[in-house]
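Here the structure of chain S is known, so what remains is to put chain Z in place on it, guided by the hints.
Protein chains in written order, with this note's numbering: chain S, 10 to 549; chain Z, 234 to 550.
Keep in mind that the hints are not guaranteed to be accurate.
As the list claims (entries may be wrong) - Example chain Z residues on the side facing chain S (calculated, C-beta under 7 Å, incomplete): (1) L272; (2) A276; (3) A279; (4) G393; (5) T398; (6) P500.
Derived from the structure by calculation, the hints contain no laboratory data.
Ideal Cβ positions, reconstructed from N, Cα and C, are used throughout, including at glycine.
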Amino acid sequence: MLFSLTKFGARLALAGALVVSASTAALAQGTLRIGMTASDIPLTTGQTDNGGEGMRFLGYTVYDGLINWDLSSAELASDLVPGLATSWGVDAADKTKWTFKLRPGVKFHDGSDFSADAVVWNLDKLLKADAPQYDPRQSAQGKTRIPAVASYRVVDPLTVEFITKAPDATLPYQIAWIMMSSPAQWEKLGKSWDAFAKQPSGTGPWKLTLFAPRERAEMVPFKEYWDANRVPKLDKLVLIPLPEANARTAALRSGQVDWIEAPAPDSVASLKGAGFTIVTNAYPHNWTWHLSRVEGSPWNDVRVRKAANLAIDRDGLKELLGGLAIPAKGFMPPGHQWFGHPTFDVKYDPDSARKLLAEAGYSPAKPLKLKVAISASGSGQMQPLPMNEFVQQNLAEVGIQVDYEVVEWNTLINIWRAGAKADISRGVSAINYSYFIQDPFTGFIRHLQCNFAPPNGTNWGYYCDPAMDKLFDQARNAFDKAEQTSVLEKIHEKYVDDALFVMITHDVNPRAMSPKVKGFVQAQNWFQDFSKITIATAGR
Amino acid sequence: MLLYILKRLVYVTPVAFGVSVVCFLLVHLAPGDPLSAVLPADATQATIDEMRAAYGFDKPLPVQYAIWLWHVLHGDLGISIATGRPVLGEVSRAVVNSLILASVATVIGFTFGTLFGFVAGYHRNSLADRAASALSVFGVSVPHYWLGMVLVIVFSATLGWLPPTGAGPDGSGNWRPDFDHLRYLILPAVTMSVIPMGIIARTVRALVADILSQDFVEALRAKGLDERGVFRHVVRNAAPTALAIMGLQLGYLLGGSILVETVFAWPGTGFLLNAAIFQRDLPLLQGSILVLAMFFVVLNLLVDVMQTALDPRIERA
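The following block holds chain S by itself, in its conformation from the complex (with noise of 0.2 Å):
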């Protein structure tokens, strides 16, 4: 026994006692603790893990990139900024030849110098096997992010030179991923990564004080941070893992905390009631169902894809969710940078839909029949049960009938995977999936490049469209920031007018804070910064 339950038992009583009397903790001026969603820290070492999530807490606060993203305004998208790089651009006559200028003078968090050589050992890191530094950990979670670099190296102290495996111009958005840890750091902890774990050095504006894994890390302000304009004005950033949606809204209303991640929707309104905000914002995520095209799925018929996007009456959906949804009129948020102008609007017209099923030989009495694959939960898949039964009923109104293949979340990623012709797939005709948006990789080329048909990528329905494989190589080959917009906004009107997901909604990235939390601006993005946060002395 740890203690002597004598003992023990008298300080029970005295808790007891003192309990009627006891309130939360007075805390230092400027804590800012936040409950997140994910039962563990994620990785400290660099290469986050805990996807979205990881980043935004150990990612873009402890680390820089080369390339940051711009999470200083709620009414724009996000968009890249120079970030441990101060330029990029690429070869005038070899366009698979990159050259990124390093921003000088940059120290880590533990006093050495950030250089090109770092960049180059970080890369190492992640791609070159056999490097002392390589880490299978990070590698896992970076490797598959910047799939276009063939090569790097050294030019010199500041500059770095990238060769891709054929011209790409969304290389700056897979850089954007690749976090910068420090060599020095690692040489000095004996170049163990377990080490470094609990003693991470980035150049990030946070250094990390504390890992107490599965219960919480501690961060104070770098205050040699080089953007002297993202230097952190709070004391202290404590994140402690909540998985479970009410044990965080306990911790919130009790004080325990000022922030929590995602609170369950039925939390929301008894939330605002008490006080706390509700902060909310667009952001590249959507909620679709994910097509078949494979021979015989009755998908291959534009008719019948713009008839079940015609059929969701989504404002109802919103409601269902207690506000925190956004309509989809597309694939992209509506207002995004990429939206265009698609011809197709997608809005909640059974009649229209009625009328188009007709067309395609289905109706009430004749109902198509499909099957779909949804999970009962899961990262980034807001309330799928509920969401789906709605939706369900929607499209019986029509003349669809949908059976679902009710599936754990990891086995929809699996079966997602493996693609729709797989066995593990069950022939269902759809998955219902949400996704990460964020740049043209993820946004668009993933699902629908012909060559990215399982087992090579994640085109789970196996569509194929040498117009749209066309388009996506003119993404690929508009090095001028203003040509790739276009170039990005005809593929997105293509996504519409060819109905190629049911677009549902896109979520809001909920959060609900302390109304003492001021200064925070929720960035139309997955990552956030925090610099900007103080916490007021009055307040709950």
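Same frame as chain S, but now just chain Z:
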């Protein structure tokens, strides 16, 4: 007695082997890919294959089992896929946290369970019996995660007296039995104590009622023994069974209630198992289940030995 203990220790060996086989196979029978949760969703097949080989999942199941068992016998439970940390360290930390919680919950449950059981057993069909029985029925019937949520709503969210989640203001790393840490223990311990309380109360009530109706009690009273003396005999006769039940309950609580530990984010074995299940973290799952199963085996052994010490008739049987 020594021979009895040695005999029981010999019996433990095949049980432990069986436990290791079952817990290894069970986690492999469950659907889902252990690497799904740790790799980015759109990881290429080559990356997935690389990771599968690195963790040895490409080998046949019997080979995987043999390798795993060999490592386990050398005190190595493997490396967690999700965290990259040694499973032994993860499980040890969690077991200590669950032990703290389970001990307190057991003390609360056993104290009140025994109290209610004796009161009800001694005063059958009285108001006190009905009240004690109602409480014990409530204890075994109420879903304890629901009770946990209600306690959190009342004592944390509404009154703000007690913290709703975690093991201490700075985590469980520096846990010590001081006021700041005990505040975090109260709600989960009370929640977890209701089931053992109910079970022990019902058992003790039945035992006491049964013992009181036996001839030897009449004989004791006829001999002129006062009620305090009779009570001592009743306690002595009820103790072995009550102890066995308490041992089992402690085992269950040590396994950490997945629901209660998740509701309170208490970093014990239940919380760990929950994370391991959702992340398909096979090494962590196997290691945790094995350690917990062995806890049961050892606890059963201890309880048997203690029962024998309290009631020598058991050994003779």
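Structure-based check of each hint:
{"no.": "1", "hint": "L272", "verdict": "holds (5 Å)"}
{"no.": "2", "hint": "A276", "verdict": "holds (5 Å)"}
{"no.": "3", "hint": "A279", "verdict": "violated (9 Å)"}
{"no.": "4", "hint": "G393", "verdict": "holds (6 Å)"}
{"no.": "5", "hint": "T398", "verdict": "holds (5 Å)"}
{"no.": "6", "hint": "P500", "verdict": "holds (5 Å)"}
Taken one by one, the earlier hints fail for this structure only at number 3.
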